[in-house]
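Put together the whole structure using the sequences plus the hints.
Sequences listed follow chains E and W, in order.
Going letter by letter, the first sequence gives residues 1 to 223 in the numbering used here.
Going letter by letter, the second sequence gives residues 1 to 241 in the numbering used here.
Because the hints were derived from the structure by calculation, they are not lab data.
Each residue gets a CB set at the ideal place from its N, CA and C atoms; glycine is no exception.
Some hints here could point you the wrong way.
With a cut-off of at most 27 Å between alpha-carbon atoms, the simulated DSS-like pairs for lysine-lysine come out as follows [stated by the list, open to error]:
hint, chain 1, residue 1, chain 2, residue 2
1, E, Lys-99, E, Lys-75
2, W, Lys-64, E, Lys-75
3, W, Lys-161, W, Lys-126
4, W, Lys-102, E, Lys-146
5, E, Lys-99, E, Lys-118
6, W, Lys-153, W, Lys-102
7, W, Lys-161, W, Lys-120
8, E, Lys-75, E, Lys-97
9, W, Lys-153, W, Lys-64
10, E, Lys-118, W, Lys-102
11, E, Lys-177, E, Lys-146
12, E, Lys-99, W, Lys-102
Label pairs and their in silico Cβ distance ranges [what the hints assert, rightly or not]:
hint, chain 1, residue 1, chain 2, residue 2, range
13, E, Arg-126, W, Pro-215, 18 to 24 Å
14, E, Glu-181, W, Gly-135, 50 to 56 Å
15, W, Glu-6, E, Met-92, 44 to 50 Å
16, W, Phe-56, E, Asn-72, 38 to 44 Å
17, W, Gly-104, E, Asp-102, 24 to 30 Å
18, W, Asp-208, E, Arg-142, 38 to 44 Å
19, W, Asp-36, E, Val-11, 23 to 29 Å
20, E, Ala-209, W, Arg-30, 34 to 40 Å
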Amino acid sequence: MTHSLHRRGSVESLRNDYVLLFTPAARINHEGSHEKLREIVEIIAEAGPTNIGSYEIRNIYDGATIEDIRDNLYKAAVPRVRCCFSDRDKVMQVLRKVKENDYGISVTVSGLTDEVLKMADELGMRPHSINLSLGVWGRTERLPDKAVMEIVSMCGHGMLAKSLVEKQADLVRRGRKTVREAAEELARPCTCGIVNVDRAVEILERYLAQGDLESSCGAPGED
Amino acid sequence: MLIREELCTGCRRCIPYCPVGAILVEEPRRVYIDQDLCAECGTCLRMAGCPTDALFEPSEVYEKPRSVRKFFSDAMATHKETLLPGRGTEEVKTNDVTARVKRGQIGIAIEMGRPVLGAKMTDVEKVIMRLAELGIRLEGNNPLSHLLADPEKGTLQDWVKNERVISAIVEFAAPAERLEELLGAIRELAAEVDTVFSLDLITRFDDDGSIPVLPVLDRMGIHYRPNSKINLGLGRPLREE
Chain E
1 MTHSLHRRGS VESLRNDYVL LFTPAARINH EGSHEKLREI VEIIAEAGPT
51 NIGSYEIRNI YDGATIEDIR DNLYKAAVPR VRCCFSDRDK VMQVLRKVKE
101 NDYGISVTVS GLTDEVLKMA DELGMRPHSI NLSLGVWGRT ERLPDKAVME
151 IVSMCGHGML AKSLVEKQAD LVRRGRKTVR EAAEELARPC TCGIVNVDRA
201 VEILERYLAQ GDLESSCGAP GED
Chain W
1 MLIREELCTG CRRCIPYCPV GAILVEEPRR VYIDQDLCAE CGTCLRMAGC
51 PTDALFEPSE VYEKPRSVRK FFSDAMATHK ETLLPGRGTE EVKTNDVTAR
101 VKRGQIGIAI EMGRPVLGAK MTDVEKVIMR LAELGIRLEG NNPLSHLLAD
151 PEKGTLQDWV KNERVISAIV EFAAPAERLE ELLGAIRELA AEVDTVFSLD
201 LITRFDDDGS IPVLPVLDRM GIHYRPNSKI NLGLGRPLRE E
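What follows is the structure, encoded as structure tokens:
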């Protein structure tokens, strides 16, 4: 599925937002891929991801460590590694090493198309296929406002609730949390670990400064 | 998901975590989960840290018909048939080795209910049926394929139809020359469904690195976002066809 494809926001907001997916193909090359993915997790850890998660044990903002993620890959019949970065140089470092080691595992990068293609060119890669986002169709008038959408669309599986965004924004507004603490809470429900916390901080700061992100549902629940 | 009301203190901690707004309050303190709205994604159970363990997932969520909600909504659930987590296939993620979308073809994914609103399976069926009229067949590895009653007509099995999910992805490949026709049909469907869908278009790069579908999109006035997902071609064995 395409859980990193439909991230909303301006070009400027998306500029430092990269999602990397390392995916063996079920029944084609997934057998024997566990060790390769363990090595790939170590390469990612060395670069320093903004977030990383797994279907098996959640993400690094929800109690898992990168070592936990690496050591639990064996639990999946078809293991997968998902992570995001806020720094182009780190992405280049990871991709360069993965290419050198020639693991034969499929790699996708979600980000600004022109930028990702430029990076691939610099690394001497020949991109194979592209998944384009043609946007959201249908009853779009029912969607939350732009500020909420920019944050919740970072979890493509839809695990990040708009009410949680409003709740966390409210806690920041009342001085009960820092913006980063709020952003890290927003990253928890995204098991895959592709909510970019640095970008969530930027979005929260931008919209809170504008007086946006007012709660539309009473921001219920304990602090 | 259910709440053991005898254990619930009414603290409401769980409410903001529900992506579909299914946790409701009957004043003054009764907190309950609307079973029609609940998508069985498990987020409240994993995230809220209920102080009295009042939230619980009954085993029925893994059995028909609630299992439809579970497998199409919980990112941590893996479909038994396809070995894939989530609601669709590996789409472009592994296209370099699966060649699911070949040269001269396009891949389209209609991600029903995404973002935020979720989808009723009746709306999903409406889309599959319209595509079936056009001779389109779902991707075989897509979990929806296992829920069809009649692949020729695109109908879903009856027990599936009343279910609601966070998203279900209608995926298929077609010859590239049909792109304009298919996008026209999808544009009509957008006016008929009672939810939203995110629309994906997969294509191979041309030998010169260009993206062959862009002229069609421009001609039809269909906007594509500046961000995309790119398969770098590092998978082996590489399928070039």
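Status of each hint after checking the structure:
1. Lys-99(E) with Lys-75(E): Cα-Cα ~26 Å, so holds.
2. Lys-64(W) with Lys-75(E): It holds: about 26 Å lies between the C-alpha atoms, which stays within 27 Å.
3. Lys-161(W) with Lys-126(W): With a Cα-Cα distance of about 11 Å, the restraint between Lys-161(W) and Lys-126(W) holds, given a limit of 27 Å.
4. Lys-102(W) with Lys-146(E): The hint is violated at about 36 Å.
5. Lys-99(E) with Lys-118(E): Cα-Cα ~16 Å, so holds.
6. Lys-153(W) with Lys-102(W): 26 Å, holds
7. Lys-161(W) with Lys-120(W): At roughly 8 Å apart (the allowed maximum being 27 Å), Lys-120(W) and Lys-161(W) satisfy the hint.
8. Lys-75(E) with Lys-97(E): With a Cα-Cα distance of about 25 Å, the restraint between Lys-75(E) and Lys-97(E) holds, given a limit of 27 Å.
9. Lys-153(W) with Lys-64(W): 23 Å, holds
10. Lys-118(E) with Lys-102(W): 24 Å, holds
11. Lys-177(E) with Lys-146(E): 22 Å, holds
12. Lys-99(E) with Lys-102(W): 23 Å, holds
13. Arg-126(E) with Pro-215(W): 18 to 24 Å: Taking Cβ atoms as reference, Arg-126(E) and Pro-215(W) lie about 22 Å apart, which means the hint holds.
14. Glu-181(E) with Gly-135(W): 50 to 56 Å: 53 Å, holds
15. Glu-6(W) with Met-92(E): 44 to 50 Å: 56 Å, violated
16. Phe-56(W) with Asn-72(E): 38 to 44 Å: 25 Å, violated
17. Gly-104(W) with Asp-102(E): 24 to 30 Å: 29 Å, holds
18. Asp-208(W) with Arg-142(E): 38 to 44 Å: Holds, since Asp-208(W) and Arg-142(E) (Cβ atoms, about 42 Å apart) stay within the stated range.
19. Asp-36(W) with Val-11(E): 23 to 29 Å: Given range 23 to 29 Å: violated, Cβ gap about 40 Å.
20. Ala-209(E) with Arg-30(W): 34 to 40 Å: With Cβ atoms ~38 Å apart, the hint holds.
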